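**Student:** Modelling step: build the complete structure from the supplied sequences, incorporating the hints.
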Amino acid sequence: GEDVEQSLFLSVREGDSSVINCTYTDSSSTYLYWYKQEPGAGLQLLTYIFSNMDMKQDQRLTVLLNKKDKHLSLRIADTQTGDSAIYFCAEIIYSGAGSYQLTFGKGTKLSVIP
Amino acid sequence: DGGITQSPKYLFRKEGQNVTLSCEQNLNHDAMYWYRQDPGQGLRLIYYSQIVNDFQKGDIAEGYSVSREKKESFPLTVTSAQKNPTAFYLCASSGTVNTGELFFGEGSRLTVL
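Quick mapping for you: the protein sequence lines, in order, are chains A and B. Note that the first sequence covers residues 166 to 279 in the working numbering. Note that the second sequence covers residues 4 to 116 in the working numbering.
These aren't lab readings, by the way, just hints derived from the structure by calculation. Model, not experiment: these values are computed from the prediction. Treat the hints loosely; a few may be bogus.
Claimed, not checked - Short, incomplete list of chain B residues facing chain A, as computed with Cβ under 10 Å:
no.: 1; residue: Ser10
no.: 2; residue: Arg16
no.: 3; residue: His32
no.: 4; residue: Tyr36
no.: 5; residue: Gly45
no.: 6; residue: Leu48
no.: 7; residue: Gln59
no.: 8; residue: Glu65
no.: 9; residue: Lys74
no.: 10; residue: Ser76
no.: 11; residue: Leu93
no.: 12; residue: Ala95
no.: 13; residue: Gly103
no.: 14; residue: Gly108
no.: 15; residue: Glu109
no.: 16; residue: Gly110
Said to hold, decoys possible - Far from chain A, some chain B residues (derived; all Cβ distances over 12 Å):
no.: 17; residue: Gln9
no.: 18; residue: Thr23
no.: 19; residue: Asp41
no.: 20; residue: Gly43
no.: 21; residue: Arg47
no.: 22; residue: Gly61
no.: 23; residue: Asp62
no.: 24; residue: Ser70
no.: 25; residue: Thr82
no.: 26; residue: Asn101
Ideal placement from N, C-alpha and C gives every residue a C-beta, glycine not left out.
**Tutor:** Below is the structure:
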């Protein structure tokens, strides 16, 4: 299919780890991205991973990439109430004529319970 | 500070009226984009522009129009031909084309009464 797939909701307790999963479509994608959207606001790029990497860590964020299964995950350690937001997975797909298009998943709404 | 400014934040429109959403950036970015966001639908690309005086249709361009007369500005007009215009509209820019590193504005919420 053409869609980037994510589960729509995730609920975790404050202090626990959150794992947000994503399945992407194009095995030739060079970069994969995670964006965060707080309520009523625009999206903010959180992190990205190059396709020749398996893992990338940035403070509380860990991105894991399984190219064989086209599976991407974002782990947030020690989840805080400020992490409550919608998280979007995105991939770059070649759209023809030398152009690439960024395709987003539908987003996972993370709710952090105090 | 550099960034993207969208206005207005909230807009109400009667059916049959055209409305224009503003998007201005001072990041000196070449590429600009308009997305539509509906609950549970993620982001869908309306139009994008890689350079001044040039733009391309995205996945859901019908009922919308854009212009790119200046590098800093990429206004979106929602015309009366758009059958379901109530949505959250997001403008973005990037320093280069063919990248996934986008900078987003705060969005404009359009409600058609």
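**Student:** Now look at each hint and say whether the structure bears it out.
**Tutor:** Hints, one by one, checked against the model:
1. Ser10: 13 Å, violated
2. Arg16: Arginine 16/B check fails; min Cβ-Cβ to chain A is 19 Å, beyond 10 Å.
3. His32: With a minimum Cβ separation of about 14 Å from chain A (threshold 10 Å), the hint on histidine 32/B is violated.
4. Tyr36: 8 Å, holds
5. Gly45: 4 Å, holds
6. Leu48: Constraint on leucine 48/B satisfied, holds at 7 Å.
7. Gln59: Interface hint status for glutamine 59/B: holds (8 Å vs cutoff 10 Å).
8. Glu65: Status violated, d = 18 Å.
9. Lys74: Given a least distance of 20 Å, the restraint on lysine 74/B is violated.
10. Ser76: At about 17 Å, which exceeds the 10 Å cut-off, the nearest Cβ of chain A leaves the hint on serine 76/B violated.
11. Leu93: Holds: closest Cβ of chain A sits about 6 Å from leucine 93/B, inside 10 Å.
12. Ala95: 8 Å, holds
13. Gly103: 5 Å, holds
14. Gly108: Hint on glycine 108/B: holds, closest Cβ of chain A at ~5 Å, below 10 Å.
15. Glu109: 5 Å, holds
16. Gly110: 5 Å, holds
17. Gln9: 8 Å, violated
18. Thr23: For threonine 23/B, whose nearest Cβ neighbour in chain A is about 19 Å away, the distance exceeds 12 Å, so it holds.
19. Asp41: Label violated. Min Cβ-Cβ 10 Å, cutoff 12 Å.
20. Gly43: 6 Å, violated
21. Arg47: 8 Å, violated
22. Gly61: 8 Å, violated
23. Asp62: 9 Å, violated
24. Ser70: 20 Å, holds
25. Thr82: 24 Å, holds
26. Asn101: Since the minimum Cβ distance to chain A is about 4 Å, asparagine 101/B lies within 12 Å and the statement is violated.
Violated hints, in rising order: 1, 2, 3, 8, 9, 10, 17, 19, 20, 21, 22, 23 and 26; the structure is consistent with all others.
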